[in-house]
Amino acid sequence: MTTATTALPTPPRASKRRAGGGKLRALRRNKLALTGGIIAAVFVLTALFAPLIAPYDPSQPDFGNVLAEPSAAHWLGTDDLGRDQLSRIVHGARASMQVGLVAVVLAFLVGVPLGLLAGYYGRFADTAVSRLTDTMLAFPFLVLAVGLAAILGPSLTNATIAIGISQIPAVIRITRAETLRLKHVDYVAAAVANGGGDGTVLFRHILPNATSALIVQATVGIPAAIIGEALLSFLGLGVQPPAPSLGVMLSGAQSFLAPAPWLAVFPGLAIVAATLAFNLLGDGLRDVLDPRGATR
Amino acid sequence: MTKYLLTRLRQSLITLFLVSVVVFAGIRALPGDPALALAGEERSPEALAAIRESYGLNDNVVVQYGRFIGHALTGDLGTSSRTGLPVADAIGQALPVTLELAALSLLLAIVVGIGAGVVAAVRRGKPEEWLANAIALIGLSIPTFWLGIVLVLGFAIAVPVFAASGYVPFGTDPVDNLRRMVLPAIVLGSGLAAVVMRQTRAAMLDSLSADYVRTARAKGLSRGSVVGGHALRNSLVTVVTVLGLQLGHLISGAVVTEQIFVLPGFGKLTIDAVFTRDYATLQAVVLCTSAAYILINLLVDVVYSVIDPRIRLGGAR
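Respectively, the protein sequence lines represent chains A and B. The first sequence begins at 1 in this note's numbering and counts up one residue at a time. The second sequence begins at 297 in this note's numbering and counts up one residue at a time.
Same shape as in the complex, but just chain A (with noise of 0.2 Å):
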């Protein structure tokens, strides 16, 4: 018993960065997640440094070089304003993983303790919490944006919140099923054993092990979002104009498909390839951190 207490709680930190080195090469060596991650550093990059990168301003009127076709100057045209597409895709981008990355924060900081939660106390807590996932599942996800934005109002804020909460619910159930997993093995049952109180294991031995389902679907639900603020933006219901987003640019672009339909290919294709990169990446992460979910 003694052994066994004093051995058990050492593998998980002593293991974890060789086995971290391992999984790297491993994922260096998937070319389709390579590809991803490569794209999507990309697209995290010019998010960051947009200023820099727009060859212009991306609210500029040029009212002399309206609905432009691309060219020298302006490699994919400009809009009916004259403001140039490729720096209001640059900016749109920022928009974009801003949304992509605050919303998973946010569905993250409100799921993973009510998920520990529901998974460690079980009883009383996980019926709760069960049913309050229930009923976040019920509304469709447009239909959950479509209401908050109807009460707080639309705006990118907004649009953030509710494309947030809609991602509580796969969040609460991914930690819930994990921390059940974790309960039983042998360490946290050592842990408790030694007398660690239940934030200690709750805190320092099931979450750290429970971290790499969370990066999967950490990897499902930033795509998830940027395709949430496009679709918001689209309808009206997140960035107003004359904020770039890719997703007010589609708007814009549906009322010049004729004269000028390179508006609507290239905010499409940027946003095309951001979702199938985190795709890519996060389907190649799944296959090297989590091996129970990879099938065939």
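Simulated from the structure, these hints should not be mistaken for lab results. For clarity, every value in this text was computed on a predicted model and none was experimentally measured. Hints are supplied without guarantee of correctness; some may be wrong.
From the structure, some residues in chain B lie toward chain A, with a derived Cβ separation under 10 Å [what the hints assert, rightly or not]:
1. ILE310
2. TRP442
3. ALA569
Take a look, some chain B residues computed to stay more than 12 Å from chain A by CB distance [as the list claims (entries may be wrong)]:
4. LYS299
5. LEU302
6. ASP355
7. VAL357
8. TYR361
9. THR370
10. GLY371
11. VAL418
12. VAL457
13. PRO470
14. ARG475
15. THR511
16. ARG519
17. GLY520
18. VAL598
Glycine included, every Cβ here is placed at the ideal spot set by N, Cα and C.
Use these hints to put chain B onto chain A, whose structure you have.
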């Protein structure tokens, strides 16, 4: 079996109750006077007093909630502040449009998804499988609203085969109706088709390597009969379940699709209600949509439990 059904029904009723509370509370959580919100643009003191009276806003909250539910159950969903007509009528008009759209999308997803899934499984390792997988991955990554715009560009503007907007009832002119519904159905059905294709492929790969399929082949049955009669039939159980679980996404998807193609359906009603601050309509559509969503999920679970006893035993614990 009965025990499982009762448990599942009880859970659904609790969820439905919580949803109705959220919807009821949501409209009252608006900053300021709910009468102002319900009134929309009409804001004279008399109108507000009339609204307070007709909605019973002077009573206590529990009484108000009881009345709200009582009315909803008898089909009285309030009056639209935008049109002044009963919300139930507006929903009655919008529903056939959305149902037709959903039915066409579903048909497309089933035909294309199952077809491509079978081909991908049978032609494993061949270019056909690679192609089907690539299309499915792209189908899942393209946002529906952008796909809609691209299809309009291609098939309504560049090559004007289909119409890009508007609705004509099927009864009035079936050809024109379909001409206008094909693109929206493709947009709404594409994601679903991709999911169905992936599931069919996975289930078919399982079935094709099963013993009974090998036996059927050994008996000398034709390839078509083995694939269609044995492997596919047994794969359909999984596919049908996944399809059921995805039905809810059709509701979200319809909102966007109807917005792009200007179809006067349920989704358009919802979005219009938001922008005209028509809270009575919004409250009703959100309640109806969520109730439908809960009902669909319940039906799927019940059907699944009939097909697969393991679920029933696990869930009844």
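Consistency of the hints with the structure:
Taking 10 Å as the C-beta cut-off, the interface hint given for ILE310(B) holds, the closest approach to chain A being about 6 Å. Interface hint status for TRP442(B): upheld, as the beta-carbon distance to the closest one in chain A is roughly 4 Å, under 10 Å. Evaluation of the ALA569(B) hint against chain A yields a held restraint, the C-beta minimum of about 8 Å falling below 10 Å. For LYS299(B), the condition that its CB be more than 12 Å from all CB atoms of chain A holds, with the nearest at approximately 18 Å.
Every CB of chain A is more than 12 Å from the CB of LEU302(B) (nearest about 17 Å), matching its label as outside the interface. For ASP355(B), the condition that its CB be more than 12 Å from all CB atoms of chain A holds, with the nearest at approximately 22 Å. Even its closest Cβ contact with chain A, about 17 Å, leaves VAL357(B) beyond 12 Å, as expected for a residue assigned away from the interface. Remark: the non-interface label on TYR361(B) is consistent with the geometry, its nearest Cβ contact in chain A lying 16 Å away (cut-off 12 Å).
Listed as outside the interface, THR370(B) is consistent with that label: its C-beta sits roughly 22 Å from the nearest C-beta of chain A, beyond the 12 Å cut-off. GLY371(B), annotated as away from the interface, keeps every beta carbon of chain A farther than 12 Å; the closest lies near 21 Å. Chain A leaves VAL418(B) outside its interface by the beta-carbon criterion, the shortest separation being 16 Å against a cut-off of 12 Å. No Cβ of chain A comes within 12 Å of the Cβ of VAL457(B); the nearest lies about 15 Å off, and the non-interface call holds.
The Cβ of PRO470(B) sits about 27 Å from the closest Cβ of chain A, beyond the 12 Å cut-off, so the non-interface label holds. With a closest Cβ-Cβ approach of about 18 Å to chain A, ARG475(B) is found to remain outside the 12 Å limit, as its non-interface label requires. Residue-level check passed: THR511(B) sits 24 Å from the nearest beta carbon of chain A, beyond 12 Å. Listed as a non-interface residue, ARG519(B) keeps its Cβ farther than 12 Å from every Cβ of chain A; the least gap is roughly 23 Å.
Annotated as non-interface, GLY520(B) keeps its C-beta farther than 12 Å from every C-beta of chain A; the closest such distance is 25 Å. The Cβ of VAL598(B) sits about 16 Å from the closest Cβ of chain A, beyond the 12 Å cut-off, so the non-interface label holds.
Hint compliance for this structure: no hint is broken.
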